[in-house]
Amino acid sequence: MFLQFPLDAIHPQARKAAEASLCAAQQGADAFWAMHERLFETSREWSGQANLAERFKGYAAELGLDAEAFVAC
Numbered sequence: 768m769f770l771q772f773p774l775d776a777i778h779p780q781a782r783k784a785a786e787a788s789l790c791a792a793q794q795g796a797d798a799f800w801a802m803h804e805r806l807f808e809t810s811r812e813w814s815g816q817a818n819l820a821e822r823f824k825g826y827a828a829e830l831g832l833d834a835e836a837f838v839a840c
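Here my numbering is used: the first residue of the sequence shown is 768, the next is one more, and so on.
It is possible that part of the hints are untrue.
[Unchecked claim] Cβ pair distances, simulated, as ranges:
| id | residue 1 | residue 2 | range |
| --- | --- | --- | --- |
| 1 | 833 | 776 | 18 to 26 Å |
| 2 | 822 | 772 | 27 to 35 Å |
| 3 | 776 | 834 | 27 to 35 Å |
| 4 | 785 | 836 | 14 to 22 Å |
| 5 | 822 | 793 | 15 to 23 Å |
Calculated from the structure, these hints are not laboratory results.
The beta carbon of each residue, even a glycine, is placed where N, CA and C say it ideally should be.
All chains should be built: construct the whole structure from the sequences, respecting the hints.
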């Protein structure tokens with residue numbers, strides 16, 4: 768079991784990242800963990816950005832997920 772606990776007070780984009788991993792999870796447990804790892808690996812690249820939808824969609828595509836289904840989540 769894994770519990771998301773985004774700390775919005777110290778990381779304004781934490782909730783969006785948590786949501787992205789949950790959207791990936793709709794495509795399978797392996798997809799969740801792949802997105803989870805990608806988000807942590809690249810956090811310095813996106814943590815200060817306001818609009819993350821395209822970046823996270825790109826990660827989904829890079830990971831071999833259905834990017835359109837990911838965005839529809």
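So which hints don't hold here, by number, going up? 1, 2
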